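Chemist: Residues per chain, in single letters:
Protein chains: 2
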Amino acid sequence: MSVYSVILAGGSGTRFWPLSRAARPKQFLPLASRWPLLVETARRIAPLSTARQTFVSCGAAHASAVRRSLKAIPARNILIEPVARNTAAAIGLAATQVALREPRAVLQVLPADHAVRDDERFRACLREAAHAAEHGSLVTLGIRPTRPETGYGYIQLGDPIDGGAFRVKSFVEKPDEATARSYLQSGQFLWNAGIFVFRADAILGAIAAHLPKLAEALARISPTIGTRGYRAAVGRELKKLPSISIDYGVMEKVDNLAVVRGDFGWSDLGSFASMPEVRRADERGNVVSGEVGAMVDCENCVIFAGKRPLALAGLSEMVVVDTGDVVLVVPKRDSQKVRQLVQAFEVRGLKRYL
Amino acid sequence: MSVYSVILAGGSGTRFWPLSRAARPKQFLPLASRWPLLVETARRIAPLSTARQTFVSCGAAHASAVRRSLKAIPARNILIEPVARNTAAAIGLAATQVALREPRAVLQVLPADHAVRDDERFRACLREAAHAAEHGSLVTLGIRPTRPETGYGYIQLGDPIDGGAFRVKSFVEKPDEATARSYLQSGQFLWNAGIFVFRADAILGAIAAHLPKLAEALARISPTIGTRGYRAAVGRELKKLPSISIDYGVMEKVDNLAVVRGDFGWSDLGSFASMPEVRRADERGNVVSGEVGAMVDCENCVIFAGKRPLALAGLSEMVVVDTGDVVLVVPKRDSQKVRQLVQAFEVRGLKRYL
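For the protein sequence lines, the chains are A and B, in the order given.
Residue 254 in my numbering is what sits at position 119 of the first sequence, and the numbering runs on without skipping anything.
Residue 312 in my numbering is what sits at position 177 of the second sequence, and the numbering runs on without skipping anything.
One thing to keep in mind: the hints can contain errors.
Pairs count within a copy or across copies, as identical chains cannot be separated in the list.
[To be verified] Once the Cα atoms are required to be at most 16 angstroms apart in a straight line, the calculated EDC-like pairs of lysine to aspartate or glutamate come out as:
{"hint": "1", "residue 1": "K375", "residue 2": "E387"}
{"hint": "2", "residue 1": "K374", "residue 2": "E255"}
{"hint": "3", "residue 1": "K309", "residue 2": "D398"}
{"hint": "4", "residue 1": "K309", "residue 2": "D253"}
{"hint": "5", "residue 1": "K442", "residue 2": "D460"}
{"hint": "6", "residue 1": "K309", "residue 2": "D336"}
{"hint": "7", "residue 1": "K472", "residue 2": "D432"}
{"hint": "8", "residue 1": "K472", "residue 2": "E284"}
{"hint": "9", "residue 1": "K472", "residue 2": "E434"}
{"hint": "10", "residue 1": "K442", "residue 2": "E255"}
{"hint": "11", "residue 1": "K348", "residue 2": "E434"}
{"hint": "12", "residue 1": "K442", "residue 2": "D417"}
{"hint": "13", "residue 1": "K206", "residue 2": "E308"}
Because the hints were derived from the structure by calculation, they are not lab data.
Everything numeric in this text was worked out from a predicted model, so none of it was measured.
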């Protein structure tokens, strides 16, 4: 069985600003280790897909950064999207590439900006998913929840099929806290991590059924692959498409969906507040990157120090980030307000810091 | 009546670090206006004492900074202390200088690092004190308390004497909060601001009675004033003296003490938390100096921005100071922990930031 991978590196979020910038979004940051998340992701799946079998999808602005980060990946495997059109289009393009080579090959889809603590268990889970996918199912990885998280979508387990996979009873939108708590207790709900495994022909078939416009665009792009006309064709076709996620556009609509349960220390690194999920905290719960000048009576903080010393005292549950040109201070629970700060910087003409 | 002034500029505290540094302590910072506190203090008393009648007491390390700040003051009026020996010695030295010129002249003693909102009322209060001092009393200014402050010493009012002055019933050490509250309600207790007015001969007499060693040292220094031997004599004599405050060494022991009540918007600027006493806060209670990049949902904070933009969200009662080389973040209520940060920097060999 051939297993291809596509790493989705098209993200441009601002939740890790000012660490992340327009030219260097989260997937290029070494948040969970000394390597960028993108590099960690590529390494993590290298035992499953060869470099030739690994695609990376990204925006035009980040193509050269991807190439520099992942030198082993052939240049033609970097799938550049001139306009961002969300995951359905990105996955469709990758599946079209794979289908030209091996229509029945398995394709695994991995966000470039997630962290995984136990790579072995992660790969074991992907292997299980690939087996389930071989027979035509669209397989999603469901993460065993560890807290009543209200920021994720959930997958409800259905009947078991073969080899540890299950049918999917339903996809559920982000729940309120009471509901999330009941999900956690029931054991029947898993986090939707946006990690998918399917045969190239299976996902293209599902796209044809549920996103016909995308299917038509892919059909027009397909003959140009490997030719000079490819880039122009992609640009022309993507521009006409709506921005739709694979979850909403396909996964929630098909009936041959399966889920494989995973428990491998996953984090989507949703904000600075999630740093303790991926970095060891000190005995007072502080996660510190870089050299702090002095910390006195601080607990459960997330600190990114730059070249200058930080002097921090009496802080609790606080995020402090010094990037040299900008200093961010925000309570962990208000991490989502970073977006408003970015907007305020934009409005005030401070775009060079974004 | 000749009125001399001595501005006590010997402070070297760290409570405004990293704004203040060893080479530039608080009195040199423009905390309450665009002028350094020292300059404001000198301006404030200029209508009462001529430049020739104004002395400034400071450490050797700050003498040239004082000269640069106060160009009108004659160089011989800058009283340099080679070693810091607290207020008793500083005031004794100034009184000795004044006594050589006019023994019965009135000397007013003013800390260099306080802020006053209403200069007119302040001067009116000093004039009242000078009148009371003319007859030989040692006069202290008592500030009408505006909150149950536990960080100050208090002066208990005694019987009225003449011209609005009162006898002092007692000096009280920093009270606990319940006591401070009862003081506030009683109307009989005033804050001891460390502002004193007395005749030069009167304070020298009191020093002779209660700090005989200091009196002897001053007697040995006096003949050297205006000669080449002066600096050496001061160094030699100060070194032998203990460090004693005028409050503890003299004021609390004499019986010819009087107090004049003052109500002129006084602040001793004890820490970053006291900034709202001297700077206008915005509608959300934030006192901001410099250009902040963006503030979202912040209230009652004290912010000193440097050249780089600060991005602050969701902060309440927080102090953020960016001096370019150091960034301080500390809750207002923990302002006193700045001292521990300074110690930590010292221990870690980061002295160049102190």
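Chemist: Work down the list of hints and note, for each, if the structure agrees.
Modeler: Against the structure, the hints:
Taking identical chains as interchangeable, the C-alpha atoms of K375 and E387 are never at most 16 angstroms apart, the minima being 23 angstroms within one chain and 86 angstroms between chains. Taking CA atoms no more than 16 angstroms apart as the test, K374 paired with E255 passes in neither setting, with 39 angstroms inside one copy and 71 angstroms between copies. When the C-alpha separation of K309 and D398 is checked against a cutoff of 16 angstroms, the pair qualifies neither within a copy, at 20 angstroms, nor between copies, at 59 angstroms. In this assembly of identical chains, the alpha carbons of K309 and D253 never lie at most 16 angstroms apart, being 26 angstroms within a copy and 58 angstroms across copies at closest.
For the identical chains of this complex, K442 and D460 are neighbours both inside a copy (11 angstroms) and across copies (9 angstroms), given an alpha-carbon limit of 16 angstroms. Taking the shortest Cα distances, K309 and D336 never come within 16 angstroms of each other, neither inside one copy (30 angstroms) nor across copies (81 angstroms). When the C-alpha separation of K472 and D432 is checked against a cutoff of 16 angstroms, the pair qualifies only between copies, where the shortest distance is 9 angstroms, while the shortest distance within a copy is 25 angstroms. For the identical chains of this complex, K472 and E284 are neighbours neither inside a copy (18 angstroms) nor across copies (36 angstroms), given an alpha-carbon limit of 16 angstroms.
When the C-alpha separation of K472 and E434 is checked against a cutoff of 16 angstroms, the pair qualifies only between copies, where the shortest distance is 15 angstroms, while the shortest distance within a copy is 21 angstroms. Taking CA atoms no more than 16 angstroms apart as the test, K442 paired with E255 passes in neither setting, with 36 angstroms inside one copy and 47 angstroms between copies. Taking the shortest Cα distances, K348 and E434 never come within 16 angstroms of each other, neither inside one copy (52 angstroms) nor across copies (50 angstroms). Proximity of K442 to D417 under the C-alpha cut-off of 16 angstroms is found in neither arrangement, the shortest distances being 21 angstroms within a copy and 32 angstroms between copies.
Proximity of K206 and E308 under a CA criterion of 16 angstroms is satisfied in neither setting, with 38 angstroms inside one chain copy and 71 angstroms between copies.
In the structure shown, a violation is registered for the earlier hints numbered 1, 2, 3, 4, 6, 8, 10, 11, 12, 13, in ascending order.
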